[in-house]
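Given only the sequences and the hints, what does the whole structure look like? Please build it.
Protein chains in written order, with this note's numbering: chain A, 1 to 275; chain B, 1 to 275.
Among these hints, one or two may not hold up.
Note that the list lumps identical chains together, so a pair holds whenever it fits in one copy or between two copies.
[To be verified] Result set (EDC-like, lysine to aspartate or glutamate): computed pairs, CA atoms no more than 20 Å apart in a straight line: (1) Lys207 <-> Glu39; (2) Lys166 <-> Asp193; (3) Lys149 <-> Glu87; (4) Lys207 <-> Asp218; (5) Lys166 <-> Glu196; (6) Lys26 <-> Glu39.
In short, the hints are calculated from the structure, not lab data.
Okay, here's what each chain looks like letter by letter:
Protein chains: 2
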Amino acid sequence: MNLILITSHIGFGVAKVLDSGHPSFKKGDLVWGNTKWEEYSLIANSQFLFKIQHTNVPLSYYTGILGMPGLTAYVGFYEICSPKRGENVFISAASGAVGQLVGQFAKLLGCYVVGSAGSKEKVDLLKNKFKFDEAFNYKEESDLDATLKRYFPEGIDIYFENVGGKMLDAVLLNMRGHGRIVGCGMISQYNLDKHEGVHNLINLIYKRVRIEGFIVTDYFHLYPKFLEFILPHIAEGKIVYVEDIAEGLESGPSALIGLFSGLNVGKQVVLVARE
Amino acid sequence: MNLILITSHIGFGVAKVLDSGHPSFKKGDLVWGNTKWEEYSLIANSQFLFKIQHTNVPLSYYTGILGMPGLTAYVGFYEICSPKRGENVFISAASGAVGQLVGQFAKLLGCYVVGSAGSKEKVDLLKNKFKFDEAFNYKEESDLDATLKRYFPEGIDIYFENVGGKMLDAVLLNMRGHGRIVGCGMISQYNLDKHEGVHNLINLIYKRVRIEGFIVTDYFHLYPKFLEFILPHIAEGKIVYVEDIAEGLESGPSALIGLFSGLNVGKQVVLVARE
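Below, the structure written as structure tokens:
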């Protein structure tokens, strides 16, 4: 097994089968799934390995929009958030692999969509490429509560949580009644010795808000339904996707570290080998 | 309108109608609902006023088990928590108006039930009167995480949240996969200038946990269904209820303040007048 192995930061990648003793996979098949950070992999457990059927898209998409991040965005938004047309949607880390898709899904549904990101370049991407209604650079905002009140004078119905900490605290002050928060990631917190305290949880009661965390591996049974939904949208150009490709397996560690300071613009991919 | 007016801390009470211009209420009717802290009340808005139909119970029960706290326990447990037989249930402020009922509902369903409270007297009540499987005095525990691990070696499926702050933080470390937390109250936080930080929210994602806040006034349409459920259980002695009755309207303020330091044992009621 080898060749193209474009590994995402948790070891999901795209690969070509060199040899196989598994009845579902044969030599030459393209696959995506849990392939580890290496040029050649021996995969004993095929639970998280999927055969690639549609090749009229960049194969790297299977590390992103057509892989785990795509399914994550789909499940998190459609299954967990119970979104309704016209609702107010806020997405943090919005230019990332998942956030950029959630925003586009919400726009397809006729929602008002605002995203936060950490640079002018990313904010421009959100507004111009992904067609968010508004976007802001959280690093330039000294009072996130005031920022959210500016963009959501009537409050937030759905918050797609990718960062945690201070942003979540500000969001809790700005949720509307019966709002929903989906916990997808808390990237601001992973590398802290002690996680930041969140002080405004009492608003969950006052505003009747639901927070729900999920992990995409519980939803792989929805992958065929997701593909059926997303492929035509890609083909028609109604959903776009931005990747940040680092060349060479040796660039992997710095690309991984860069995620935590937001150096990547779009989905971070490591290109190990071209076909 | 006057006579028995047993007012709860947010102004819910029981009263007799002295005069009425409303077609649904007539002189002599007993009612419960939003009656304010006074001996005689003029009620212009009958939205939260209910006629008492069943009088073979102490009328004070309509400030508690048959009133808002009872419906709160019922909705919070059955509607929000999606409980299943045999699940592990933890209740904080468990001897209070709501907690004591949630625990008994969970026992009826065959759950394993543990409650926390703030005195030996309350802990004894939980174990001996309400038949919780276990109970502990949180004031005697220096490490709530360790305490919960002792009582829930396999984790918590359902947490009925009445206190917030440090207890919630410890619970988050001990939730099982796909657990549910219902946010009913956070009494430890109401009187703080700045609410305590909750540091362990990332477990919502790791454990796929849902937190949902609710307010009982959204569920008054379920009151008839709730009465149908609870009245036979009271008649058969399968559900018991403990009240802490303060005599006289003048005892109201100190009874209210006592709630925040846990002086009450059971539902705090203020007896304004006997019939």
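Query raised in the report: Are the CA atoms of lysine 207 and glutamate 39 at most 20 Å apart within a copy, between copies, both, or neither?
Result: neither (50 Å within a copy, 32 Å between copies)
Query raised in the report: What label fits lysine 166 with aspartate 193 when the C-alpha limit is 20 Å: within, between, both, or neither?
Result: Both, since 16 Å and 18 Å are each at most 20 Å.
Query raised in the report: Given a CA cutoff of 20 Å, do lysine 26 and glutamate 39 count as a within-copy pair, a between-copy pair, both, or neither?
Result: within (19 Å within a copy, 83 Å between copies)
Report task. With 20 Å as the alpha-carbon cut-off, assign the pair lysine 166 and glutamate 196 to within, between, both or neither. Result -> both (8 Å within a copy, 14 Å between copies)
Query raised in the report: Which holds for lysine 207 with aspartate 218 at a C-alpha limit of 20 Å: within a copy, between copies, both or neither?
Result: Between copies only: 11 Å across chains, 29 Å inside a chain, cut-off 20 Å.
Requested in this report: Could you place lysine 149 and glutamate 87 in one of the four classes (within, between, both, neither) given a Cα distance threshold of 20 Å?
Outcome: within (16 Å within a copy, 41 Å between copies)
In the structure shown, a violation is registered for the earlier hint numbered 1 alone.
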